[in-house]
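In the order they appear, the protein sequences are chains H and D. Using this note's numbering, you'd call the opening residue of the first sequence number 1 and step up by one each time. Using this note's numbering, you'd call the opening residue of the second sequence number 1 and step up by one each time.
No lab work stands behind these hints: they were computed from the structure. Just so you know, not all the hints are guaranteed correct.
[What the hints assert, rightly or not] Derived Cβ-Cβ restraints for the label pairs, each shown as a range:
(1) H/134 - D/350: 48 to 54 Å
(2) D/107 - H/14: 31 to 37 Å
(3) D/371 - H/14: 33 to 39 Å
(4) H/11 - D/61: 27 to 33 Å
Glycine included, every Cβ here is placed at the ideal spot set by N, Cα and C.
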Amino acid sequence: MMKAFFRALREASLSAWIGLVIVVGNALCAILAGWIAPYDPADPVGGLWEGFTAEHWLGTDQLGRDMLSRMLEGGQLTIGIALAVTALAFVIGVLGGFIAALGRGAVDQVLSRIVDALMAIPTLLFALLVLSVMGTSVPVLIVVIAILESTRVFRLARALALDLAAMDFVEVARLRGESMLWIMRREILPNTTLPLMSEFGLRFCFVVLFISTLSFLGLGIQPPAADWGGLVRENAQAINFGIAAPLIPAAAIAILTVGVNLVVDWMLARQGKAMLERPA
Amino acid sequence: MSDPLLSVSNLQITVPGADGPRAIVENVSFELQRGEVLGLIGESGAGKSTIGLAALGFGRGAVRLSGGEVLLDGEDLRQMSEAQLRALRGRKVAYVAQSAAAAFNPARTIGEQVIEVQLRHGLASREAALDQARTLFAELALPDPEHFGDRYPHQASGGQLQRAMIAMAMAGRPDLVVFDEPTTALDVTTQVEVLAAMRRVIDQHGTAALYISHDLAVVAQMADRILVLRHGRMVELDTTEAILHHPREAYTQELVAARADRMKELAHAATTPLLDIRAVSAAYGGGAHKVLFDIDVSVHPGETVAIVGESGSGKSTLARVITGLLPPAEGRIEFQGKPLSPALAQRSDDDLRRIQLIHQLPDVALNPRHRVGDVISRPLSMFRGLRGRELETEIARLLALVDLDPALARRYPVQLSGGQKQRVCIARALAAEPDLMICDEVTSALDPLVAEGVQDLLLDLQRRMRLAMLFITHDLGVVRRMADRVVVMQHGRIVEQGTTSEIFTPPCAAYTQRLLDSVPEMRIGWLAERLDVLQTQPV
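Extracted from the complex, chain H is given alone in its bound form:
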């Protein structure tokens, strides 16, 4: 198992390597943020918007806090919340999509129309509305975005499962008296991992952007803590003075998104190749 993994790594293309380095680097920074941050991210330790110096590698922000420490904390929040949201969105979306596809008829109609309704409302407006009514705590944020994102997952999962539900092996399982849950888990899910996996990567990127957008608008993570979107917002004024501070979190968002996409591409290519080359 491990050997196969290392072989795959050796054979990975340059773009895959870049993606892997970005993703692993981001993950490590997010996990270790508390330990490796040079300063307390909430402490003003320097002047306003200082440049890149030996004490402050990424300079300081609009209150003189260390930018590197703020970035690490922001990364932890952004990635952690995005992961939680994507995972929750997938649980809701895949479950709902499979139930709709296998249940057909009324079940499918009800679930699909709910999803249609949710998709018809502009997501940002919907999120703004709900968050201003419910308040912006992290759990509320996670649930609201997850529900919005799950509609896309639902559509994909339903389409995939509809295809598979027409297969004779599903009919055989039904004739055996298998429960719907068993059919979903054993007959449908293993045949959908590939498209679902790539969708997971893509969704994760969208969620990162969405959270950042909300925070930029002031409805995401509340001060003094800030995710990357929040950091852009706090330092946005600096751009008027030609200071790079807001570009740092913006670049981090862009790099993470690109990195995740590169890794997903690599995994897809590998899976596709493995299918073709399975010995006859």
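With the hints as your guide, set chain D onto chain H.
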């Protein structure tokens, strides 16, 4: 003799295996003259399709053309770059696949897809290409050739799509067409039409063809010469005449005999019926689309009842009604003297266990992500509560029972041949220890020797286990071989039923007669005679 169009010498084709490359085709050599049709015949796994694709310089998946020469017009396809090969395909060599339905893009009209080759290679203007396509449609006897191209694939029947695919192959005016089992998925009546259309077009255009099939009778209609293959090696290459009447090799003789000898009778035991279907009607779409009318059928223990009819006659729907997938609109079904719940959800586990269905296409009846062992173990643990060692032993026993190596339990379905997959499906059904097995065209996708092996297996199992079988098929040869009684269906109604000898002894009902006449006979010129008959007395 002039230079051959296609010359294959010492062809070797390998796939990567666990311990180095494994040869699936070895030392195959043959020549094909312009305008000649060569039939490739053999059981599945004989390398027929692989050789056919090699004529296009193509290897499926990890398949490598590892040795020998494939000369097309004197140029070796093995030495060509992918770009050179692409320029060749469609223009000089074309390919007709087994399943036309899967080869068409459902989102575009048939016409667009037929002329694609010409546009891609810049052979003709759009208008000229469309014009030519219409001519081809007419030659292939497609309905309304002027507007047939405007249809989408779902608006054409299987037989029409297969002919449209032939039009697609012929559109680039290739020198060579590779037909890969083009009529296997069709029922006998449709097959006759497609065969005739193919023969006509090949004759008119003077195209050379490789015709791949497992049905010797079909190949005999199409080919000038026949190459018999087994396990990737050449068995015999001779004229069609010689292969049919004076086969030299033992394997060829067996192949000829398997197709010719199909008469078999079984006495019919009169007992209380195991399955009794009374006045059953059924419809799809909440009663909107009626497909079965007033069906009365009974199956006795240990008996094989064949249900025959062309596609669309309601055979498979009847199977869905019996298994509970489609509750009947009217009528009742009794099993072992007790009424059977119409809907699947209301049936007990025991009812489910007693009736097992085997599907036509083992490819979609097996989950590609489940190992063979898992496939068979599920019914064992569900219905019989087997666990651990007991379970392993039983899986091995079942695999051995269907003549498979118990070591195959660790394989995935993609790693098995068609015949092996169908045997796994049979083992899965047997695992439930059923009283009634419904076989829905189980051997129609297999070649005759493998199919015969599966049929022998089913007959043997049935005798040993007193298993009743409902054998749904369009192949009358199989019916004669397998069935005690026959039910002939057309348009959702029973046309006639009786013992196999009653049904097949003249005089027959008109429809039965037509089905019988559509089975290709192993005679050169049968197709021409058959077409003459059809023209004089249209059906």
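Structure-based check of each hint:
Taking the beta carbon of each, residue 134 of chain H and residue 350 of chain D are about 52 Å apart, inside 48 to 54 Å as hinted. Between residue 107 of chain D and residue 14 of chain H the beta carbons are some 36 Å apart, a value that agrees with the proposed interval 31 to 37 Å. Roughly 36 Å separates the CB atoms of residue 371 of chain D and residue 14 of chain H, a value that falls within the hinted 33 to 39 Å. At about 19 Å, the CB distance of residue 11 of chain H to residue 61 of chain D disagrees with the hint of 27 to 33 Å.
Checked against the numbered hints listed earlier, the structure breaks hint 4 alone; every other hint is satisfied.
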